[in-house]
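There are 2 protein chains.
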Amino acid sequence: MNSSEYRYQILENWLLQGIREQRWGLGEKLPSIRELCKQQNVSKATVLHALSRLEAQGLVEAKSKAGYFVRLQPTAVKRPQSRARIEAPRLANISDLLLDIMKRSAAFDLLPQKPTGEVPAGVMALNRAIGRSLRRQKGSGYQYYDEPAGDAGLREQLAQHNIKRGWSVSPEQLCIISGCQHALFLALMACCKPGEVVAVESPGFYGVLQLLEQLNLQVVEVPSSDLTGMDIDALGEVLKRWPVRACVVSPSFATPSGALMPLSARQRFLQLADEYDLAIVEDDIYADTALERVPDPLKALDTNNRVILCSSFSKSLTRDLRLGWISGARWHEKILHLKLVSQLATSRFLQQGVADFMADGSFTTHLRRQRSYLRANRDYLIASLQAWPGDVRVSTPQGGLAVWVELPEGVDTQAKYTRALADDIIITPGPLFSISGQFRNCLRISYAHPWTEDRAKALACLSQLLLDAS
Amino acid sequence: MNSSEYRYQILENWLLQGIREQRWGLGEKLPSIRELCKQQNVSKATVLHALSRLEAQGLVEAKSKAGYFVRLQPTAVKRPQSRARIEAPRLANISDLLLDIMKRSAAFDLLPQKPTGEVPAGVMALNRAIGRSLRRQKGSGYQYYDEPAGDAGLREQLAQHNIKRGWSVSPEQLCIISGCQHALFLALMACCKPGEVVAVESPGFYGVLQLLEQLNLQVVEVPSSDLTGMDIDALGEVLKRWPVRACVVSPSFATPSGALMPLSARQRFLQLADEYDLAIVEDDIYADTALERVPDPLKALDTNNRVILCSSFSKSLTRDLRLGWISGARWHEKILHLKLVSQLATSRFLQQGVADFMADGSFTTHLRRQRSYLRANRDYLIASLQAWPGDVRVSTPQGGLAVWVELPEGVDTQAKYTRALADDIIITPGPLFSISGQFRNCLRISYAHPWTEDRAKALACLSQLLLDAS
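As you go down the protein sequences, you meet chains A and B in turn. If you use UniProt numbering, the first sequence corresponds to residues 1 to 470, in order. If you use UniProt numbering, the second sequence corresponds to residues 1 to 470, in order.
Treat each hint with caution, since some may be false.
Identical copies look the same in the list; a pair holds intra-copy or inter-copy alike.
[Stated by the list, open to error] Mimicking DSS-like on lysine-lysine, the simulated pairs with C-alpha atoms at most 27 Å apart in a straight line are:
1) K457 / K138
2) K138 / K103
3) K457 / K416
4) K38 / K416
5) K334 / K193
6) K138 / K114
7) K334 / K103
Everything labelled a hint here was simulated from the structure, so no lab data went into it. None of these values were measured; they are calculated from a predicted model.
Next comes chain A alone, as it looks inside the complex (with noise of 0.2 Å):
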């Protein structure tokens, strides 16, 4: 560690403690940038830094050219603290179980697939402009396939949507496909080939781990943090023994923590992927839910033309629409052809029932709608999680749809799901998220759902099922 971050860190813990001890309240101002600068003798870097990553785990708020504001008290929210071990890459290889687990835990629910309440307004809205699309079709439309890029007014919405985000992007840098999951496939495929090594975060998403078995890549895992991410430090170490080729990351609320990696993690990443030459695969899925300002995606600052941005709209809007959206940097040619050999086009009524509710401002209204129902959400879960027995510890994400629990040593969530199925139960074990068996006594719990009582019990039942000593 260099020294300019042990003074963040210095600064950081002062300042926490000061929430603690409510030197200053619920809803009260810190001190200034620069009477921070002043009082403990650091530079205007540093201060950032440090109330960035306060602002990062939730505990204060920047409000415009008035300063940060405290708006959470840290209790006794204990971050989790298992760091992954670095290994040399390796194969993927996973067992039957993990993918039974992946299979079911897609939905990121406690309880079996069981369609109730209401259906979103916002999610109306999109069916209705997907009824008005079809019921618009005309002659002989029928009879032909979309270019394979994409509807060119999809795009275009999309462009529009990501300019907001600090992304300046053209209709014709994107291509449109079938979900983030396609998305990841067409990115690795285009810029790796067989026997390569991809670095991936840990604990990271399974559905990368899946994909890099199917297409024999190797994997290392590069230790992530619940509060900042992929640990570039470690990068550094990992790209200095092994030859990386490229990297998936999802800077913006990395399942299963909701991580938020911060600018100056960013430009460093950017600065190590130019040294080594790696190729970035950005998973931005998670940006839209985020609960206060949406974040530039790594995307933005890709002056190289080396982040291949993935997203969709399955956890924004609805997993059943299918439709995501890729930009492919150099490989944007290749991931065009891929599509092309591999799926030839995309439903073009669907893509303009998506653009139109776009178009129209239904789509910002359904984000905003959506943050306040899942700022609850997470705060029932973690207040929920706080009650449970014994040293329990659990990230506070401020976007994402889950949060990363950490159990005491010695208890086994693997072994626990197929107890928890046979109470209807479904669980996201921690060793899904890795391939070498790590995180034991880690689970994912989703915040995505409602806490129906249903939902409260299944929560309270998984609480005595994997804290219960006996």
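Since the structure of chain A is provided, determine the placement of chain B on it from the hints.
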């Protein structure tokens, strides 16, 4: 050639001459099978083979328990004669021009994409069914992915649809995918490793050639007839000489000619496949475009679980649905896994809409209506081509959406592609259907679209453009 093939050819030519000379007029009955055996002193198998070949040419039709009747006068329809060369397997290297042609010509239209006319009743009914399915979505259903194999209701409907065609299949043996090209992609990924050799029809489907190029598979072309499809004797030669891992074949109405492989050839094909332990990828997408009876799939004869059936709704219903199905034989689990990692799931509301459309008989009604439309389109096209000057040869398909046209030696359809484009006419030159630059004097012309004034004019223009000596 062995003596039994010689005998059926003599008989076929004798019958052909009789039909030409109107010994048996249009609609009249041919001598019975028993009479033919006796008169010509040949076996029943020889008579049936000759009759099945005349049936495949559309010249006679079998009426149940009544015998064979003359159904078309073979005025001056001359069949294409050029035969593919057999060359050693190699990696495909498809030029950018051919890629451009493929993108444009995938629409099967002489004119640039311009939706005209009415939406067919069948497609309207489908769109309404999808609209109803959208309105029926309940509660939190949008938050779940569909199961990887696809909607059980749609798989049930597809199983019933196939059972009517003589293939006894259970819904568990089917997986829903994003169109037939996606099925071919998954099939080849599942049964071949990069560098292995795949046999294809020549001329054959350009989409497969492109796919083999992208998957780094070696291609060996097997000569194919416009009448009976892949030449099984030639396949036998190829299998003796090179280590072929898989064979992609379209026994029912192979593009470009619309050839139909006779039962005897299918049986010999499967025997060879057993002998050399081949994986067979059956592209069955044109089956439902049959002008008469829908042929059984090759898969119906597959006793050793080695035929992967691939199909979709794109040729029989609409190109914009992007739904197909695959039955992966011994590779089915692997294919399900590949679908999961490459695409996760398929849209449930879309599948349920299509399932309803099939369940209420609308699909069957649509196919019946489409048959007479396609027959009229085909007949107009063949009649027009017969009026072209010089030695113009054309296939007479009993299904599919196109004819294969052979022009005099020296005509270069690929060279004329850009010239035609300048006149707003899109042609599909012969070299697209091979990796070795063969078939330069050939092209495929589609009859998927009605011969409106515009299109008829384009067809007339084409004759000048291709055959004008200047």
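A quick look at each hint next to the structure:
Proximity of K457 to K138 under the C-alpha cut-off of 27 Å is restricted to the inter-copy arrangement: shortest distance 23 Å between copies versus 51 Å within a copy. In this assembly of identical chains, the alpha carbons of K138 and K103 lie at most 27 Å apart only when taken from different copies (22 Å versus 39 Å within one copy). In this assembly of identical chains, K457 and K416 lie within 27 Å of each other by CA distance solely inside one copy; the values are 17 Å within and 72 Å between copies. Taking the shortest alpha-carbon separations for K38 and K416, neither the intra-copy value of 53 Å nor the inter-copy value of 77 Å comes in at or below 27 Å.
In this assembly of identical chains, the alpha carbons of K334 and K193 lie at most 27 Å apart whether taken from the same copy (13 Å) or from different copies (20 Å). Only between protomers do K138 and K114 lie at most 27 Å apart by alpha-carbon distance; the minimum there is 10 Å, versus 37 Å within a single protomer. When the C-alpha separation of K334 and K103 is checked against a cutoff of 27 Å, the pair qualifies only between copies, where the shortest distance is 15 Å, while the shortest distance within a copy is 30 Å.
When held up to the earlier numbered hints, the structure conflicts with hint 4 and nothing else.
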